[in-house]
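**Student:** Put chain B on the given structure of chain A with help from the hints.
Number of protein chains: 2
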Amino acid sequence: MTKSVILVSGGLDSAVTAAMAVASGPSAFLHVNYAQRTEARELMAFNDIADYYKVGKRLVVDISHLKEIGGSALTDERIEVPEGDLSRREIPVTYVPFRNAHLLSAAVSWAEVLGAKEVYIGAVEEDSSGYPDCRKDFFTAFGEAVTLGTRPGAGISIMTPLIDMRKSEIVRKGVELKAPLHLTWSCYRDPELACARCDSCLLRLRGFEGAGVKDPIPYRTPYRTTSNP
Amino acid sequence: MTKSVILVSGGLDSAVTAAMAVASGPSAFLHVNYAQRTEARELMAFNDIADYYKVGKRLVVDISHLKEIGGSALTDERIEVPEGDLSRREIPVTYVPFRNAHLLSAAVSWAEVLGAKEVYIGAVEEDSSGYPDCRKDFFTAFGEAVTLGTRPGAGISIMTPLIDMRKSEIVRKGVELKAPLHLTWSCYRDPELACARCDSCLLRLRGFEGAGVKDPIPYRTPYRTTSNP
Chain A
31 MTKSVILVSG GLDSAVTAAM AVASGPSAFL HVNYAQRTEA RELMAFNDIA DYYKVGKRLV
91 VDISHLKEIG GSALTDERIE VPEGDLSRRE IPVTYVPFRN AHLLSAAVSW AEVLGAKEVY
151 IGAVEEDSSG YPDCRKDFFT AFGEAVTLGT RPGAGISIMT PLIDMRKSEI VRKGVELKAP
211 LHLTWSCYRD PELACARCDS CLLRLRGFEG AGVKDPIPYR TPYRTTSNP
Chain B
31 MTKSVILVSG GLDSAVTAAM AVASGPSAFL HVNYAQRTEA RELMAFNDIA DYYKVGKRLV
91 VDISHLKEIG GSALTDERIE VPEGDLSRRE IPVTYVPFRN AHLLSAAVSW AEVLGAKEVY
151 IGAVEEDSSG YPDCRKDFFT AFGEAVTLGT RPGAGISIMT PLIDMRKSEI VRKGVELKAP
211 LHLTWSCYRD PELACARCDS CLLRLRGFEG AGVKDPIPYR TPYRTTSNP
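Heads up: the sequence lines are chains A and B, in that order.
If you count by this note's numbering, then the first sequence holds residues 31 to 259, one letter each, in order.
If you count by this note's numbering, then the second sequence holds residues 31 to 259, one letter each, in order.
Pulled out of the complex, with its shape left as it was, chain A reads as follows:
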């Protein structure tokens, strides 16, 4: 019996989401490769986190056609991942068009076959880069499509436990639940030493700083987390 399918990218948010979900019952871990720049490092983090939680049921799904479709700095090498700017209002070039719908579709198909009732995704709306497919309203609408588009009685819910949390709260929650934050990877640009400059690093560092916790992963030095308040 599998209670939940958890989307685990290998980043901070998915590790904390996994910590919350595995506490509630047997889980299956799903990782999606969309040919993003740092996929090899993220896949390593996925397996490390799954090992940490002794999860046997793992699936890695390849949707690298998102690279062919392009339109994002994460999948198109010709578009540079910019220095982060968390004060920016427009949607950043790292947005991968409608990506989360692909992730959720894979998780829901697997959940339906496994008989799992919950699909977890570590999306964050407030303290985020502002991707449209990270909005709470998107997940609500998608959940309605799941109810209507799966077998009667499948009863699969989309769970977004972090959606309203600040990054600092996520870090504190992770520490509280003993999530393996040291095994996670968030940087958009560098697979060995996190750059501390892209949006993803800035959001992560600001979260650790706000929580008063030292981030255990290696960064290029020096870095300043307060350069983009």
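Hints are supplied without guarantee of correctness; some may be wrong.
Repeated chains share a single entry, so a pair holds when one copy, or any two copies, can fit it.
Once the Cα atoms are required to be at most 27 angstroms apart in a straight line, the calculated DSS-like pairs of lysine-lysine come out as [unchecked claim]:
| # | residue 1 | residue 2 |
| --- | --- | --- |
| 1 | K33 | K203 |
| 2 | K33 | K97 |
| 3 | K84 | K97 |
| 4 | K97 | K147 |
| 5 | K147 | K203 |
| 6 | K147 | K166 |
| 7 | K87 | K147 |
Keep in mind that the hints were calculated from the coordinates and are not lab data.
**Tutor:** Chain B only, in chain A's frame:
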């Protein structure tokens, strides 16, 4: 400028949908390989139909993890595709869990990058096998998720022009629009001579019979279309 992305499986319904969509503006054709039994034949039909309409913008997407996820006779060779029975009420074993969400996600991502405003899918609710992800309500809910999960102003609509049509009406519409019905393939089981026995063949044959039109593709003989009224 691309006006629409059309999901073209290579079957009757998608060919008629394509005939309707290409008439309204420049289109891009998208085919999805989910490792179904007759994919090679369907891909050939896709390219034949795209050639017929002189469509240059084509994309073939591989989501063969649906085979790994399994749970359907179309993707799991251990589950036999049964003799059709259109009087059946339960969801048939050929249902591929939540498949249409994967198809739509790929089409929407591509549409967002191309700037296309319409995504066409040839789904049919009434005169169909009863798959939950072919229901009109599913497409309405998914369309809401598309509006919320893409860039503000992307303005992408999900178009299901066949959703309320009977198969015989679809055949008539195809003939009226000179859709290349002779290039299509619908059989779930056989890539060379359509079996005339699976649900997909039975629905197709009933449609041609109802329209009073001879189906131009080759079948194994003899067959009786009225065995399952």
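**Student:** Against each hint, give a clear statement of whether it holds in the structure.
**Tutor:** Now for the hints, and whether the structure bears them out:
1. K33 / K203: Close inside one copy (22 angstroms), not across copies (46 angstroms); limit 27 angstroms.
2. K33 / K97: between (32 angstroms within a copy, 22 angstroms between copies)
3. K84 / K97: Result: close only across copies, 25 angstroms inter versus 32 angstroms intra.
4. K97 / K147: Classified as between; 21 angstroms across copies, 31 angstroms inside a copy.
5. K147 / K203: within (24 angstroms within a copy, 41 angstroms between copies)
6. K147 / K166: For K147 and K166, both the intra-copy (19 angstroms) and inter-copy (24 angstroms) Cα distances are at most 27 angstroms.
7. K87 / K147: Close inside one copy (16 angstroms), not across copies (39 angstroms); limit 27 angstroms.
In this structure, none of the earlier numbered hints is contradicted; all agree with it.
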